[in-house]
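As you go down the protein sequences, you meet chains A and B in turn. In this text, residue positions in the first sequence follow the numbering used here: the first is 699, and each later residue adds one. In this text, residue positions in the second sequence follow the numbering used here: the first is 699, and each later residue adds one.
Nothing false has been slipped in among the hints.
Same chains, same label: a pair holds when it works inside one copy or across any pair of copies.
Below, a list of computed lysine-lysine pairs in the DSS-like style, where the Cα atoms sit at most 27 Å apart:
#1 Lys762 <-> Lys779
#2 Lys804 <-> Lys741
#3 Lys946 <-> Lys885
#4 Lys946 <-> Lys1070
No wet-lab data here; the hints were simulated from the structure.
Letter by letter, the chains look like this.
2 protein chains.
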Amino acid sequence: MNEHTSRRDFIRAAGHGFLAAGAMNMLTSTVLAQDQPAATTKKLGWAIVGLGQLALTQVMPAFKNCQRSRAAALVSGHPDKADRVAGENGVDPKHVYDYENYDKLKDDPNVDVVYNILPDSMHAEYTIRALRAGKHVLCEKPMAMNVKECEQMCAAAKETGKKLMVAYRLHYEPFTMAARDAARGGKLGPIRYFEAVNYQNVRAPNIRLSRSTGTGPLGDVGVYCINAARYILGEEPIEATGMDYQPKDDERFKEVPARVTFQLKFPSGAIASCGCGFDGQPARRFRAVCENGAIEMDNAFGYGGQKLRVIEGRQSNEAQLQPINHFTREMDYFSECVTSDRQPETPGEEGLADMKVIAAVEEACRTRRTTKL
Amino acid sequence: MNEHTSRRDFIRAAGHGFLAAGAMNMLTSTVLAQDQPAATTKKLGWAIVGLGQLALTQVMPAFKNCQRSRAAALVSGHPDKADRVAGENGVDPKHVYDYENYDKLKDDPNVDVVYNILPDSMHAEYTIRALRAGKHVLCEKPMAMNVKECEQMCAAAKETGKKLMVAYRLHYEPFTMAARDAARGGKLGPIRYFEAVNYQNVRAPNIRLSRSTGTGPLGDVGVYCINAARYILGEEPIEATGMDYQPKDDERFKEVPARVTFQLKFPSGAIASCGCGFDGQPARRFRAVCENGAIEMDNAFGYGGQKLRVIEGRQSNEAQLQPINHFTREMDYFSECVTSDRQPETPGEEGLADMKVIAAVEEACRTRRTTKL
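Chain A on its own, in the form it takes in the complex:
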């Protein structure tokens, strides 16, 4: 199996949302191939929009090993920072934009894809403007502030014929894919109970503590629990309950709750029980109790360090997989989708589906009733 075939097969498998038995070996060889010298394939030009923590510490360095993607432009409201980052990453200063001249991206043939890493409140507008400028867009999650914005973004992608992908990097990450394969492979039997937690300790000041720029803990970190439940179960929830808590004696939580917990019922009868928050020791994991086994993922939502244990009857096995750089993989995957005109596995509709769950949980918290989805 040569490198090209293996990657093509992997992408096809991922596109179908399913890796066949044995595909994990194939995936691993693909992953290893990532560190090989770049293939002759043309690299697509990416514009990075929003030079915050995630862009600087994860995304920009991840281009180094990309085979299909290169940093081609930057968009920032801080010219000094943008120039510095451009210099450090070999981006020609004439491809540095700000939010005033952002729409000029339309006339920059150097840019194929826009990666929207702005605060949640700027996802919809800057994604739609990029699509209308003729660019494909990878947008960070949560996709937007509410369901309506997500729908507008999906409509804009349809209207412009450009691709829109939401940055669910874990769908393209081997440990999470292996967890999904274990869940759906049949040997463990159906999932009965799924639990996920994503907790962080957020220090003020932080834009995530503002309701005007962000979606609070439910959108910001809870979305990982929601997406993991839907991804691992392979079903869409039909009901939600929720509880939240906004302390009166903690200045960080004037606008958003400190924690939100919720339960989701799925058509199979599986129930997911999740918790997320901004005021505790970091914790990110999920567990699935199956009929004849269990799936346990530690550090489930980190940029790396996933640890997967699959329990089948009395056998317990820790997955031995080669870790990858999530951002390198995700960007190259989207470039490949654009090049081969293939719909990504996590299009706008995937972000919309999570946002509908977020809205249902918020309604359940507010009305104190089980909410139908």
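Dock chain B against the given chain A, drawing on the hints supplied.
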């Protein structure tokens, strides 16, 4: 510190529901002392009521190392089985009773304590009759079928002046006590989120699958999650949400749901998220996300095998404690309470408190509303 002092101090500490710093070492030495030859203290006579699986495989063998408790009588509806068990355990056949002559226990000075290990539906009646026969009672959990029965049992204890303890063996078990001490010790900060799961795979036929004799998964295994949440948090819940699922295609679940999940909010704002069921791979654990740390208990609810990890900042420590026999400890503890006329840490009111939560969760499932407690 001699053996007697250390045990007395431990019992006093446990009676206050709190082990002071350093008490764990004391506890450990008490535990080790358990395997020493019996002290000169008089052993109380116990009548074991109900010779099912738990009585035969756990309780009867646990008398071997008891220092304050001995098997003095048996109550069973199966004379052959009762005679055999009496023979195997050195119980004089004249102290074997059935459910017809049960009240004659009153005239048996050989019996001080009755241990009610009957099906849930027989807890109230046979506990109240034993109290009225002048015996102290240790009753298995869940305490009864509903709140009203629990209240009647508490009233009977008060009326007769006899002691009633509910068999929350984990309150007397060093790993669980250490988890509670870690939670309340201050170093980890307040608990933000607590999750617990207790899952079993129950094969038919089984009385636990009947609503007339049992309380379904919520009462049978979910009570462990509820009690752990209340014990570790040291608070009483104020609100509950719930979801249950009763499959139509599984013959086991004609009368009880296959699974029940629920969330409980506490006055501190901590939320507990729990799941229990009868149709999955066994799973029993709890986790607490604290402000500055975490508590992780694996095999939390088993008869042994507890594994406790306490995470404080970046430090993670597995508790190194001497395991004990839960039943030996529990019975000797209750004998000590009776002898020294001390209220046990888990009196009838503790079982009643859990039953109120069970009722609130059932109401939340039924009404699809957040229920106040």
